[in-house]
Amino acid sequence: MKTSTPLPTKTTATTIRINTRRRVADRGFTLAVIACGVLAVIPLLSVVWTTVSKGLGRIDVAFFTQSMRGITDAGGGALHAIMGTLLITCAATLVAVPIAIGSALWLVEYADNATTPAIKTLARTVRTVIDVMAGIPSIVAGLFVYAVIALTVGPGYRSGLAGAFALVIIMVPVVERSGEEVLARVPAELHEAALALGVPKWRVILKVVLPTALPGLVSTLLLGVSRIVGETAPLLLVAGFTDSMNYDLTSGRMVSLPVYVYSQWQNKGVDAAAYDARAWSAALVLLLGVVLLHTLARLIVRGRKQ
Amino acid sequence: MTIAIEKLNAYYGELHAVAGVNMVIPERAVTALIGPSGCGKSTLLRCINRMHEIVPGASVVGSVRLDTADLYAPDADPVAVRARVGMVFQRPNPFPTMSIAENVLAGFRLRGERLSRSEAETKAEQALRSANLWDEVKDRLKSAGTSLSGGQQQRLCIARALASKPDVILMDEPCSALDPASTQAIEELLDTLRIEHTVVIVTHNLSQAARVADRVAFMATIGAGDGGHLIEYGTAQQMFHDPVQPATQDYIAGRFG
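If you read the sequences in order, they're chains A and B.
Using my numbering, you'd call the opening residue of the first sequence number 1 and step up by one each time.
Using my numbering, you'd call the opening residue of the second sequence number 1 and step up by one each time.
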C-alpha cells in the first residue's frame with residue numbers, strides 16, 4: 001500500500017486532554033456514594049448517642065446488683081433482667097446452634113452430593129422450610145410456643161425455657177442459612193487432601209471442615225445471638241414479666257432486658273423520670289453487651305489464628 | 001508394590017471416562033500417564049486409590065490389585081485403601097489451620113492414630129527430609145503450612161503423603177502450578193522416591209515425562225462419547241524414540257493434544 005494516511009495529530013491531542021465532563025461525572029458519582037454511606041450511618045449514630053447520653057444516668061452499682069422487687073419510685077436495678085437475658089439467650093443458643101449447624105452440615109456435606117432422588121427431595125424440602133421459617137414474624141414464633149404450652153402444660157405456664165424455645169425458632173433459620181454459606185466456602189481441595197490420607201468422612205468434617213470454617217462459624221453464631229438478644233414480643237408472651245430475681249429457667253416468670261425496657265416505659269409509676277432512666281440504662285447495657293460479645297469473639301478467632 | 005489394573009472402566013454418571021484399561025505398573029519405578037486433556041488419565045490415577053468414587057454419581061467397574069490385594073473386592077474399604085496409597089494433587093493443598101509439623105503428621109492426627117512426642121518428631125523429620133524440605137523449614141516447624149511458597153507447599157504435601165509410609169504414590173500433575181525452580185526440585189525428588197516406592201504421575205509436560213519416567217503410558221479417546229483408552233505403554237526410551245502406534249507418534253511429535 002502506497003497511500004499514506006495523514007498523521008492524526010489533532011485527534012491525539014484531543015483524546016489525551018482531560019475530559020471535563022467525564023471528570024465531573026466521576027466526582028459526582030463518588031460524592032453521591034459517600035453521601036449514601038453517611039446517610040446510612042446517621043440514624044445508627046443517633047441511636048447510639050441517644051442511648052449512651054440518656055442511659056449513663058442509672059449506670060451505678062445498684063443497677064447491676066438489685067432487682068425491681070418492691071421498688072415503686074427511684075432506685076432499684078436490672079440484675080434480674082440481665083440474668084434473664086443471659087440465661088434465656090444461652091439456653092436458646094445451646095439448643096439452636098447444634099440443630100442449625102448440624103442441618104447445614106447435612107445439606108452441604110451429604111445432601112448436596114447425594115444422587116438418590118429421595119434425599120434430594122428431602123434436602124429441597126428442608127431448605128424451603130428454613131426459608132419460610134426465616135420469614136416468620138417473631139410474635140408468631142412466640143404464639144406458637146404459647147399454643148403448644150397451653151395445650152400441653154396449661155395456659156398459665158410461663159418460664160424462661162419457654163421463652164428460649166420461642167427464640168430457638170427464630171434463631172435456627174438465621175444460623176442455618178449463614179452456616180451453610182460458611183461451610184460451602186471450605187475448599188473442596190481440603191476435603192480431597194484429607195480423604196486421600198485415608199480419613200473417614202465424619203472425621204474429615206470434624207477435624208478439617210469445622211476447624212477451617214471456624215472464623216466464619218463464629219460470625220454465624222454472633223449473627224444468631226444478635227438476632228435474638230433484642231427480641232421482646234415472644235418473650236413477653238411466654239416468659240412473662242417479673243420484678244424479682246429468677247435463676248430457674250424451668251419455672252416461673254423470667255424477664256429479659258428488652259422486656260424490662262418495655263415494661264419500665266409502659267408501666268410508669270408516679271416518678272416517671274426514674275422509670276425512663278432505668279429503661280434507657282437497660283437499653284445501654286444491652287447495647288454494650290452485644291458490642292462486648294462481638295469484640296470477644298473477634299479476639300478469640302484472631303488469637304487462634306496466630 | 002506392583003499395581004495390576006484389569007479391564008478397568010470408570011464413569012461419571014453416564015459419561016464413560018476410562019474404557020477397558022489393562023496395565024501392570026512396576027514397583028520401584030516412576031510411571032507417567034500422558035495424553036491430551038480429557039483422555040481419562042487423571043480419572044485412571046484416581047481409581048488407584050479409590051478417590052474417583054467420591055465424585056457424586058461416579059462408578060468403577062473392573063479390578064485394581066496392589067500385589068495380591070484387590071482394591072475393588074466387595075469387602076475392600078476405600079478408607080483403608082487410601083491410607084496405604086499416597087496422593088499429591090495438582091495444586092498444593094496444605095491444611096490452613098495446621099502448622100508445618102502438624103501438616104506433615106496430618107494423616108495420623110486426622111485418622112485418630114496417636115503418636116508419642118518423640119515418635120511424632122522423628123516421623124515429621126524423616127518425612128520432611130524425604131521431601132527435601134527439612135533444611136528449609138526445620139527452624140519454623142510451628143509456622144502455618146500456608147506461609148510457605150507454592151513449591152515448598154507442594155513438597156510439604158509430598159511429605160504429608162510420605163509420612164504414612166505408603167508403598168504407592170500417585171501424583172496428579174504435581175508441577176503444573178509451580179515455577180521452573182520448584183518443578184526441578186520436585187523432579188529431583190522423584191529420583192529418590194523411585195528407590196522405595198511405586199510412583200505414578202500424570203503430566204501434561206512431555207519433556208517432564210521424558211526426564212522423570214521409567215515407563216510411559218499414552219492414553220487417548222478413540223471416538224466421540226467413548227472413554228479414554230490405553231493406546232500404548234512401554235519404557236520411556238521406547239515411547240519417546242520409537243512409538244509403535246500412529247496416535248502416539250502424532251502426540252509425541254506435537255501434532256495433536
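No wet-lab data here; the hints were simulated from the structure.
Treat each hint with caution, since some may be false.
[Stated by the list, open to error] Calculated lysine-lysine pairs in the DSBU-like style (CA-CA distance at most 35 Å, straight line): (1) A:K201 to B:K165; (2) A:K207 to B:K123; (3) B:K142 to A:K201; (4) A:K201 to B:K123; (5) B:K138 to B:K123; (6) A:K268 to B:K7; (7) B:K7 to A:K201; (8) A:K120 to B:K142; (9) A:K120 to A:K207; (10) A:K207 to B:K138; (11) B:K142 to B:K123; (12) A:K54 to A:K268; (13) A:K120 to B:K138; (14) A:K207 to B:K165; (15) A:K54 to A:K120; (16) B:K165 to B:K138; (17) B:K165 to B:K142; (18) B:K123 to B:K165; (19) B:K7 to B:K142.
[As the list claims (entries may be wrong)] Beyond 10 Å from chain A on every Cβ pair, some chain B residues (computed): (20) A29; (21) N49; (22) M87; (23) N93; (24) R114; (25) S118; (26) A120; (27) S182; (28) T183; (29) G225; (30) D226.
Using N, Cα and C, we set each Cβ at its ideal position, and we do this for glycine too.
Now the hints, each set against the structure:
1. Pair hint K201 of chain A plus K165 of chain B holds up; C-alpha atoms about 21 Å apart against a cutoff of 35 Å.
2. The hinted pair formed by K207 of chain A and K123 of chain B meets the criterion: a straight-line CA distance of about 21 Å does not exceed 35 Å.
3. Proximity of K142 of chain B to K201 of chain A is assessed by CA-CA distance (about 27 Å); at most 35 Å being required, the pair is judged to hold.
4. Taken as a hint, the K201 of chain A and K123 of chain B pair is honoured in the structure, with Cα atoms around 25 Å apart against an allowance of 35 Å.
5. The suggested pairing of K138 of chain B with K123 of chain B holds, with an alpha-carbon distance near 13 Å, which does not exceed 35 Å.
6. At most 35 Å may separate the alpha-carbon atoms for a hinted pair to count; K268 of chain A and K7 of chain B exceed this at roughly 85 Å.
7. Restraint check for K7 of chain B and K201 of chain A: satisfied, since their Cα atoms lie roughly 29 Å apart, inside the 35 Å limit.
8. Distance hint between K120 of chain A and K142 of chain B is unfulfilled; the C-alpha atoms sit about 43 Å from each other, more than 35 Å.
9. Taking the CA atoms of K120 of chain A and K207 of chain A, the gap is near 26 Å; set against the 35 Å cutoff, the hint holds.
10. Pair hint K207 of chain A plus K138 of chain B holds up; C-alpha atoms about 25 Å apart against a cutoff of 35 Å.
11. Of the pairs offered as hints, the one joining K142 of chain B and K123 of chain B holds, with about 15 Å between alpha carbons and a cut-off of 35 Å not exceeded.
12. In summary, the hint linking K54 of chain A to K268 of chain A is supported, as the alpha carbons are separated by about 17 Å, within the 35 Å threshold.
13. Between K120 of chain A and K138 of chain B the CA atoms are separated by roughly 48 Å; this puts the pair beyond 35 Å, and the hint is violated.
14. For the proposed pair K207 of chain A and K165 of chain B, the alpha carbon gap of about 22 Å is at most 35 Å, so the pair holds.
15. Annotation: proposed proximity of K54 of chain A to K120 of chain A is violated, straight-line Cα distance about 54 Å (limit 35 Å).
16. Simply put, K165 of chain B and K138 of chain B have alpha-carbon atoms about 21 Å apart, close enough for the 35 Å limit, and the pair holds.
17. Of the supplied pair hints, the one linking K165 of chain B and K142 of chain B holds, its CA atoms being roughly 23 Å apart against a limit of 35 Å.
18. With a CA separation close to 10 Å, the supplied pair K123 of chain B and K165 of chain B stays within the 35 Å bound.
19. Simply put, K7 of chain B and K142 of chain B have alpha-carbon atoms about 46 Å apart, too far for the 35 Å limit, and the pair is violated.
20. The claim that A29 of chain B lies off the interface holds: its Cβ sits roughly 22 Å from the closest Cβ of chain A, which is beyond the 10 Å cut-off.
21. Annotated as non-interface, N49 of chain B brings its C-beta within 10 Å of a C-beta of chain A; the closest such distance is 6 Å.
22. With a least beta-carbon separation of about 4 Å from chain A, M87 of chain B fails to lie farther than 10 Å from that chain, contradicting its non-interface assignment.
23. At the 10 Å boundary, the C-beta of N93 of chain B falls inside the reach of chain A, the nearest C-beta of that chain being 4 Å off.
24. Chain A leaves R114 of chain B outside its interface by the beta-carbon criterion, the shortest separation being 14 Å against a cut-off of 10 Å.
25. Distance to chain A confirms S118 of chain B as a non-interface residue, since its nearest Cβ pair spans about 22 Å, more than 10 Å.
26. Residue placement check: A120 of chain B keeps its beta carbon more than 10 Å from all beta carbons of chain A (closest about 16 Å).
27. The Cβ of S182 of chain B lies farther than 10 Å from every Cβ of chain A, with a closest approach of about 18 Å, so its non-interface assignment holds.
28. Its beta-carbon lying about 20 Å from the closest one in chain A, T183 of chain B satisfies the requirement of being farther than 10 Å from that chain.
29. With a closest Cβ-Cβ approach of about 21 Å to chain A, G225 of chain B is found to remain outside the 10 Å limit, as its non-interface label requires.
30. Once the 10 Å rule is applied to beta carbons, D226 of chain B is consistent with being away from chain A; the minimum gap is 23 Å.
Checked against the numbered hints listed earlier, the structure breaks hints 6, 8, 13, 15, 19, 21, 22 and 23; every other hint is satisfied.
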